[in-house]
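Undergrad: Read off the chains here:
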Amino acid sequence: ETGVTQTPRHLVMGMTNKKSLKCEQHLGHNAMYWYKQSAKKPLELMFVYNFKEQTENNSVPSRFSPECPNSSHLFLHLHTLQPEDSALYLCASSPRRDSGDIQYFGAGTRLSVL
Amino acid sequence: AQTVTQSQPEMSVQEAETVTLSCTYDTSESNYYLFWYKQPPSRQMILVIRQEAYKQQNATENRFSVNFQKAAKSFSLKISDSQLGDTAMYFCAFLDRGSTLGRLYFGRGTQLTVWP
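Taken in sequence, the protein lines are chains U and P.
Using the working numbering, you'd call the opening residue of the first sequence number 1 and step up by one each time.
Using the working numbering, you'd call the opening residue of the second sequence number 1 and step up by one each time.
If you're looking for bench data, these hints aren't it; they were derived computationally from the structure.
Because the structure is a prediction, the values reported are computed rather than measured.
Careful, some of the hints might be misleading.
As the list claims (entries may be wrong) - Among the chain P residues that face chain U by a calculated CB cut under 7 angstroms, a handful are: (1) Arg43; (2) Gln44; (3) Met45; (4) Leu47; (5) Gly102; (6) Arg103; (7) Phe106; (8) Arg108.
Glycine is no exception: its CB is placed at the ideal position from the N, C-alpha and C atoms.
Take these sequences, add in the hints, and give me the full structure.
TA: Here it is in structure tokens:
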């Protein structure tokens, strides 16, 4: 266990559904990240939050909407997704956003969009 | 932009043997970190080892060691005395210390299988 918990582990949704992914870290970290892991592609950074403020949006479509109510919780709200959005979504946290701090990852949510 | 290349999509090794995974990267920065992460079937991405670019000494963590060649921009991972539990996808990653974004750049990964 890395101290980063993601729920649900698996999610199947239709293109018209609205769902949310949740990430919680118990490490006292101040930075949290969302990554997308697609088959045969490198992990892609989606969003970065530092002290609850979004500091990076890596050209992510608006159908993905992040929320960080506090330093321990991070959500990814999903709506009107496309089949190509099917992937493993990984959450990570680190003590700070920069300085090479190690990022600790959750086990991910496997998302399938039908 | 930083790029990380892992040229070996798959590798296999017999238990107790040694295996080396390759990684090259491209950057114009001089101050950065390099990482190896493993992702077993449980999907949990776990840090294996970290190397600071300004340190000439190669990092070592028990059975895991790296060969860091800064001039050649090469960062290979050596696993000694391979164990069945080492079976996983291994990712090489780069982080620019001068960046305030904290963005990790990953390679495509190498699937390592350890056979009994």
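Undergrad: So, for every hint listed, does it hold in this structure?
TA: Going through the hints against the structure:
Nearest Cβ of chain U to the Cβ of Arg43/P: about 5 angstroms, under the 7 angstroms cut. The hint holds. Annotation: interface hint on Gln44/P holds; nearest CB of chain U at approximately 5 angstroms, less than 7 angstroms. With a cut of 7 angstroms, the hint placing Met45/P at the interface with chain U holds, because the nearest CB-to-CB distance is about 4 angstroms. Because the beta carbon of Leu47/P sits about 6 angstroms from the nearest beta carbon in chain U, less than 7 angstroms, this interface hint is met.
Taken as an interface hint, Gly102/P checks out: its beta carbon lies about 4 angstroms from the nearest beta carbon of chain U, inside 7 angstroms. The criterion of a C-beta within 7 angstroms of any C-beta in chain U is met by Arg103/P, whose closest approach is roughly 5 angstroms, and the hint holds. For Phe106/P, the interface hint holds, since its Cβ comes within 7 angstroms of a Cβ in chain U; the closest pair sits about 4 angstroms apart. Taking 7 angstroms as the C-beta contact cut-off toward chain U, the hint placing Arg108/P at the interface holds, the least distance being around 5 angstroms.
Of the numbered hints given earlier, the model fails none.
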